[in-house]
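> Start from the sequences, fold in the hints, and give me the full structure.
Residue numbers (the UniProt record's numbering): 1 to 139.
Quick caveat, the hints were computed from the structure, so don't treat them as lab data.
Take these hints with a grain of salt, some might be off.
If you anchor each label on the Cβ, the simulated ranges turn out as follows [said to hold, decoys possible]:
hint	residue 1	residue 2	range
1	88	129	15 to 25 Å
2	77	53	18 to 28 Å
3	107	130	16 to 26 Å
4	24	103	26 to 36 Å
Heads up, the beta-carbon is just placed ideally off N, CA and C, and yes, glycines get one too.
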Amino acid sequence: MNSLLIGELSPEQPSFEPTKNKELTDEFRELRATVEQMGLMKANHVFFLLYLLHILLLDGAAWLTLWVFGTSFLPFLLCAVLLSAVQAQAGWLQHDFGHLSVFSTSKWNHLLHHFVIGHLKGAPASWWNHMHFQHHAKP
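What follows is the structure, given as structure tokens:
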């Protein structure tokens, strides 16, 4: 696929001129090398484990609230707030697993992606993949 040209901001910005695109490409390659050298592209597995555990803890707290205090207005409202946070956080976590960006092998990314989106979000991973592939497709 050819790269996209979004537009020119000023005469010295990237254009169809090969030398300008080469300069920009070289700068991005240098930036990527610096980022990789600093270790910024390596996922912290402890972070993602704690992220998943806090989602499960909030989910459990929401259900425990209803079990202990019943379904009156205040426990229901607290449960709604907790479950809203769970769903938002689980959405971002499944997104990271769906992009295969947490583990070095796709097997573990797929396994946890299926768990988070299937069991915590209630949606099939194939649906997310289909929609996300369309989102990243070039026109």
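> Hint by hint, note whether the structure agrees.
Comparing the hints with the structure gives:
For the pair residue 88 and residue 129, the supplied restraint of 15 to 25 Å holds, since their beta-carbon distance comes to about 20 Å. A C-beta distance of roughly 25 Å is found between residue 77 and residue 53, which places it inside the suggested range of 18 to 28 Å. A hinted range of 16 to 26 Å for the beta carbons of residue 107 and residue 130 is consistent with their spacing of about 21 Å. Restraint check, residue 24 to residue 103: a C-beta distance of roughly 32 Å satisfies the suggested window 26 to 36 Å.
In this structure, every one of the numbered hints holds.
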